[in-house]
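Engineer: Going letter by letter, the sequence shown gives residues 205 to 280 in the working numbering.
In short, the hints are calculated from the structure, not lab data.
Hints may contain errors.
Stated by the list, open to error - Here are the simulated distance ranges between beta carbons:
1. R261 / E212: 16 to 22 angstroms
2. H221 / P241: 28 to 34 angstroms
3. P241 / K218: 17 to 23 angstroms
What the hints assert, rightly or not - 25 angstroms max Cα-Cα, derived SDA-like pairs, lysine to any residue:
4. K218 / D231
5. K218 / R261
6. K218 / S234
7. K218 / P252
8. K218 / Q243
9. K218 / G253
10. K218 / A250
11. K218 / T249
12. K218 / H258
Since the structure is predicted, the reported quantities are computational estimates derived from the model, not experimental observations.
Glycine included, every Cβ here is placed at the ideal spot set by N, Cα and C.
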Amino acid sequence: MGRACALEYAHGTKRYHHPLVGEPALDYESLTLPDDPDQALYLYTAEPGSRSAHALRLPGGLSAPDLTVVDAPACE
205 MGRACALEYA HGTKRYHHPL VGEPALDYES LTLPDDPDQA LYLYTAEPGS
255 RSAHALRLPG GLSAPDLTVV DAPACE
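From just these sequences and the hints, can you work out the full model?
Structural biologist: Encoded structure:
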């Protein structure tokens with residue numbers, strides 16, 4: 205039986221500014237493995253049916269190079 209690994213976990217909401225779709229708000233989860241704290245997996249989701257979810261479906265979505273974070277709360 206392998207040893208159990210504890211994940212470092214953070215979550216919250218980030219708002220982004222995109223010149224075409226405005227300021228979508230995305231919920232995020234961050235998972236970091238204890239054996240490699242320099243690597244993390246970030247999962248971003250938008251509430252189904254929300255304006256943010258609609259913005260993600262627009263052409264170009266959030267992939268524009270001039271995307272900026274409007275607010276980013278500290279890790280919880």
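Engineer: CA of K218 to CA of Q243, is that 25 angstroms or under?
Structural biologist: 20 angstroms, holds
Engineer: Run the distance test for K218 versus A250: straight-line Cα separation, threshold 25 angstroms.
Structural biologist: 10 angstroms, holds
Engineer: State, for the Cβ atoms of P241 and K218, whether the hinted interval 17 to 23 angstroms holds or is violated.
Structural biologist: 21 angstroms, holds
Engineer: Take a quick look at whether K218 and P252 sit within 25 angstroms of each other, Cα to Cα.
Structural biologist: 16 angstroms, holds
Engineer: Is 28 to 34 angstroms respected by the C-beta to C-beta distance linking H221 and P241?
Structural biologist: With Cβ atoms ~30 angstroms apart, the hint holds.
Engineer: Need the status of pair K218, G253: alpha-carbon distance at most 25 angstroms?
Structural biologist: 18 angstroms, holds
Engineer: Would you check the hint for K218 and T249, treating anything up to 25 angstroms between C-alpha atoms as holding?
Structural biologist: 10 angstroms, holds
Engineer: With a cut-off of 25 angstroms on the C-alpha distance, tell me whether K218 and D231 pass.
Structural biologist: 6 angstroms, holds
Engineer: Given the range 16 to 22 angstroms, decide if the beta-carbon distance of R261 to E212 lies inside it.
Structural biologist: Between R261 and E212, where Cβ atoms are some 32 angstroms apart, the hint is violated.
Engineer: Are the Cα positions of K218 and H258 separated by 25 angstroms at most?
Structural biologist: 16 angstroms, holds
Engineer: Sort out whether R261 lies within 25 angstroms of K218, counting only the CA atoms.
Structural biologist: 18 angstroms, holds
Engineer: Between the alpha carbons of K218 and S234, is the straight-line distance 25 angstroms or under?
Structural biologist: 12 angstroms, holds
Violated hint: 1 only; the structure is consistent with all others.
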